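**Q** Residue numbers (the numbering used here), protein chains in the order written: chain A, 5 to 280; chain B, 208 to 480.
Derived from the structure by calculation, the hints contain no laboratory data. Do not take every clue at face value.
[Stated by the list, open to error] Per the computed footprint, the stretches of chain B lying under chain A, defined by three or more beta-carbons under 8 Å from a beta-carbon of chain A, are:
(1) 251 to 261
(2) 349 to 356
(3) 435 to 449
(4) 456 to 468
[Stated by the list, open to error] Cβ-to-Cβ under 7 Å is the rule here; a few derived chain B residues that face chain A:
(5) Phe268
(6) Val271
(7) Leu385
These numbers were taken from a predicted model, which means no experiment stands behind them. Here a beta-carbon is modelled for each residue, glycine too, at the ideal position from N, C-alpha and C.
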Amino acid sequence: MEPKGAWRLALPLALAQVLFFLAPLLILAATSLATDENLSAVSGQAWAEVLGDSFNLGAAWNTLRLGAMTVLATTVLAVPLALLHLAAGPGLKKLILLAAVLPLLTSVVVRTFAWIAILGREGVINNALIATGLATAPVPLLQTEHGLILALTQIEMPLMLLPLIAAMARIDPVLLDASAALGASLLRTLRRVVLPIALPGLLAGATLVFASAATAFISQSVIGGGRLAYLPYLVWQQAMVVFNWPLAAALALTLMASVLAVVTALSALGRKVAHV
Amino acid sequence: MSRLLAPGDRLPAILILALAALALLILIGPVVVVIVTSFTTSQALRFPPPGLTFRWYQELFDPVRSAQIHRAAGNSLLVAITVAAFSTGLATAAALGIARSGARWARAAEGTFLAPLVLPGIAYGLATLMFFSWLRLPPSFWLLVAGHAMIATPFALRTVGASAAGLDGSLLDASAALGASPWRTFHKVILPLITPGVAAGAFLAFISSLDNVPVSLFLGSASNDMLPIRLWGMMETSLDVRVAAASGVLVAVAFLLLLVMDRMVGLVRKMAG
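Based on the sequences and whatever the hints tell you, model everything.
**A** Structure, rendered in structure tokens:
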């Protein structure tokens, strides 16, 4: 364990990542530039199909918008819950943490299934709407974008909540008392004391939620349905149903590039915030 | 929130409380809905259910009628246990390497090692299919393990890394100075100190593999049918209420594991920090 040779301990993981992570991504890139899955010849056909087709570009736009809307919705709900956690006693603190962690440990398939039972024709929301007289017939919620955003808000919220709670844990309660004692209103205290400390957590959460919601294949295909075109579903369809591997690869790389662009921008912002 | 409240703060405080309550409802509600639905007497997903029965659980545990689900669950468990073992080993070694050498490369390496966390899984899953097919390797158990492990290892690395960063270097130097071999130092000094992090890491890697969709979607096959993919198929084709019973079982297992891991290594705190 002498520090000099310590770097050798990281070798097995580095080797595994080159072999099973980097190499597959290189083959993915090569396939997007080939005529077929055997990489027989070079061709720009697949990329022309992605970048020159309004359907595929529209799907890319829908995917990014879905990620952004989910970030927005999870922020609106997770920030107040994180504030409640900050102010709560030990019992409520524990409940909030359990509520955040338990969904994270249950399969995404289970969480998606729950939303079929909630959004369906005879589901929780429609039965409540009809029982209260707010609607006379079932409102379509499955296979709509707002239904999908609602479901993803729950499915992704832990990824926003946990970094927020971790960031807010660094707030010294004395600061809050001092701010209030000096006559600052609640909103002013939140803006001037809590927000600056919580912001890196908010940006970390936004990064995770965006990357996860934009690529949530199961939720998008089951709750969004075939009528809403998102990139992950198109990737799967081209690869496993149509067997057009070059196009599938080009679509997958488009998804990767757009998600990584947003993630990189958010983490650059996060670093800037951390230095201020 | 009493500490923060001044007289003019009632409205914002009520708004924050209302949104926080809504957030808790949205987080917990669906879990409750799944569990209640799994006891429904109805063939359809009606909520609230018209009556309660154990019928779907009986069908789910029926060895003949649910044979495919049982096989998929067995495959998923076997892959997840294998992945947890490999991921934890790789992550523990790497975390110790990074923690022990304070060099600049260590931070860069950690960033690279964590990269799979933000890379779209579906792109990586497709990449593994293309890579292994380019190598003329047919789908198999070990290819699934390799693909899952790449996604699961960063989860383990984060918790083991946090434990390893807290190691006191002078303890290790003392152990070496007293003549202990590196292996003995690891076994007697390091391991006892980082065990909570390693256990939490193994648990998170196990869950990551058990729930993995993007890699299984492309590398799964008739003989390597995985549970999430089978359940997804059941949701897409017919609304089989057995999915609700299977969900009930998975929620119960997750809850029990969570309680056990939290008691043993303070998992909930670890995940929130």
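**Q** All the hints need checking, so say for each whether the structure fits it.
**A** Cross-check of the supplied hints:
Interface restraint, the stretch 251 to 261 of chain B with chain A: holds (5 residues with C-beta to C-beta distance below 8 Å; minimum three). Using a Cβ-Cβ cut-off of 8 Å, 3 residues of the stretch 349 to 356 of chain B lie near chain A, which meets the minimum of three, so the contact claim holds. Counting residues of the stretch 435 to 449 of chain B whose beta carbon lies closer than 8 Å to any beta carbon of chain A gives 6, which meets the minimum of three for the stated coverage. For the stretch 456 to 468 of chain B, the stated coverage by chain A holds: 6 residues have a C-beta nearer than 8 Å to a C-beta of that chain, and at least 3 were required.
At its closest, the beta carbon of Phe268 (chain B) sits 17 Å from a beta carbon of chain A; the interface hint therefore is violated under the 7 Å criterion. Given hint, Val271 (chain B) at the interface with chain A, is violated; its Cβ is 24 Å from that chain's nearest Cβ, farther than 7 Å. Interface hint status for Leu385 (chain B): violated, as the beta-carbon distance to the closest one in chain A is roughly 13 Å, over 7 Å.
Hint compliance for this structure: hints 5, 6 and 7 are broken, all remaining hints hold.
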